[in-house]
Amino acid sequence: MRNLIIYFVVLFGLEALGQNKQVLYGMYDIPQSLILNPGSKIPQKAHFGIPFLSQIHTNVGSSGVSVYDIFGKSNENINTRIRNKIFEMSDKDFFDVTQQMELVNFGWLAKNKLYYSGGVYEEFDFIFYFPRDLAILAWEGNRDYIGYEFDLGQLSTTGDLLTVYHFGVNKQLSNKLTVGLRAKIYSSMISFKSTNNRGNFVTRLGDEDSPNIYEHALQNVDVSVETSGYSSLRDLDNSSQVASKLLGRAFFGGNLGAGIDIGATYDITKRITTSASFLDLGVIFHTKDVETYQVNTPYTLNGIELLFPPVTTGDPSPAPPYYDDLIDEIEREVPIDTLHNSYSQLRPIKINASVSYNFGRPADGGTDCNCYGMSGIVRNQAIGLQYYSIFRPKGPQMAGTLFYSRRFNNFISMKATYTVDSFSATNFGLGLVSDFGKFNFYIAADNLLKYGNLAKAKSVSLQLGFNIKIDRE
Amino acid sequence: MLLFGSCVKDTDFGATDDILLSPILEVDLVYFDLEASDFYDISPINGNVTISDTTEIRFVNASELGSDIERIEFLFRLENGIPRVFDANFEFLNEDNEVKYEISGAATPGTINTPTITEITENVEGDNLIELTMSTKLVVSLTMPNPDINLSGNLNLKSKATYYLGFN
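Just so you know, the protein sequences line up as chains A and B, in that order.
The opening residue of the first sequence carries number 0 in numbering that gives the first Met the number 0; numbering runs sequentially from there.
The opening residue of the second sequence carries number 0 in numbering that gives the first Met the number 0; numbering runs sequentially from there.
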């Protein structure tokens, strides 16, 4: 159990909305901004991501606890700190890990003025909501909670490892409006989901008619875990076999799904621009290698009833196997059903939106021109607001970002962000993009104030990548 | 994780050794509800009749919970509606049927309308706990003097254990 606590706190003890890339969004100099808004403005004529290096994104976060909260030097006993955190956190707090890696990314401006783009990326996404009641039960036991119904519905988690194949088109419809659409095919390598659970566990005092002092009861229980791609891995002997199997699924061998991204950018005036995108409006159909484990039976445990053999018979036969009978009864009355029904899973929809005010000198350094052939006049500085939300099992998680971006010259531009969400009001981020000839490099990170001591951070998010970019004439 | 390792300060991961999960669990044990006729014996020994029953109780055994039990409190509550005193004996045996721990008490006589309540409590820790956690079986014996076919009433038992656990 101690190792479990350390695992969660250290690995996940870092606050963020897993896939929010607030620094990258709207940074037109990075081709990957197109991934976040297929209707983004596109300054380049073509781009090619360096395979496996064009975007590496990692985010580790926890909404309720930092490493420092537990392991910071303090005179307070560590067990007291853990207990205080358990009671301080709610079942809406979560631990999440998101990792994305682009394998291939490319795009080009066709003669018909459509910008086509495509690519493949791998994504791992895991979220685990803090089951507060069960944590209290594990930490405190039930003695001080007689009659309290521990909520099993707080159990909520999803995890996905998938490959995404995408191809999209972007078109500047007018000097003011750019729109884009991207089609996606998902190939799920492994997936699990346990959401919409319900029920409770209670230890209550029995009344006069109860056979024993307490009743330990599972009530209104309906708990399930849907898995796909897991059962066939269970019997494999070693990690190389598992890796080989997963790799096969990465290339259309897994459970398939489809989705779209849509987006647009609109210049309201010469200086005010707004944009929005909806990502992963899609579904994965889990039909192969599917197993669902389900418990939905009420049960009450009263202990072991002794029947006593009749005294007059002098029966030498052994006592009934009460204990084994009890175990059998529990297994019979609370069966874990294994189902093989197909199921579909909606992808977590992400929404980005922004409004910016552009100012400063024209971005190409000289004239008040229609720079880069893009719609509107691009200034070298902008300030604005962004909105982000992602639909998670317990509802949408939202974030608001205030940003300032600046192009210093033709080689370097930057963007600074200040993000507020339900859990943090001190998240500053920074992104830098450099263009040396056709070579484009970018790096973006948030929670910079915490980098001095990551133990105090509740999240770390990092994106970096390399591209070849061919500018427009 | 490289960033993580290089920038983490003012922490004491050595404190992990001090993490102690110490839940206190309330768990039902055995129960029964016997009638006076269950104690009738035409040939009592020394005027007494003894009945007993045995069950496995692996949940007090060290191999099931390791050395994570720090203390156990037992409560045996006897409700006696039979006008006889009952000696109740709870023996914890190991696999070789050796008695490793024993708890006993007496239920005072009662009547159908005014049953008596007798609570036997036992706190087990230290060396006694080591002995107790070697056991795998519980034998419950009840001895009643002067069995009589005309006796009526019930004797019932409710019991629980409070486990003080310590995982580290």
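Derived by calculation from the structure, the hints in this document are not laboratory data.
Mixed in with the good hints, there may be bad ones.
Unchecked claim - Only some residues are given here: those of chain B computed to face chain A with a beta carbon under 7 Å:
#, residue
1, Thr-10
2, Glu-25
3, Glu-97
4, Lys-157
All residues carry an ideal CB built from backbone N, CA and C; glycine is no exception.
Consistency of the hints with the structure:
A hinted interface residue such as Thr-10 of chain B counts as satisfied when its beta carbon comes closer than 7 Å to some beta carbon of chain A; here the least separation is about 4 Å, so the hint holds. With a least beta-carbon distance of about 5 Å to chain A, the hint placing Glu-25 of chain B at the interface is held under the 7 Å criterion. Taking 7 Å as the C-beta cut-off, the interface hint given for Glu-97 of chain B is violated, the closest approach to chain A being about 18 Å. Hint on Lys-157 of chain B holds. Least Cβ distance to chain A is approximately 5 Å, under the 7 Å limit.
In summary, the structure is inconsistent with hint 3 from the numbered list given earlier, while agreeing with all the others.
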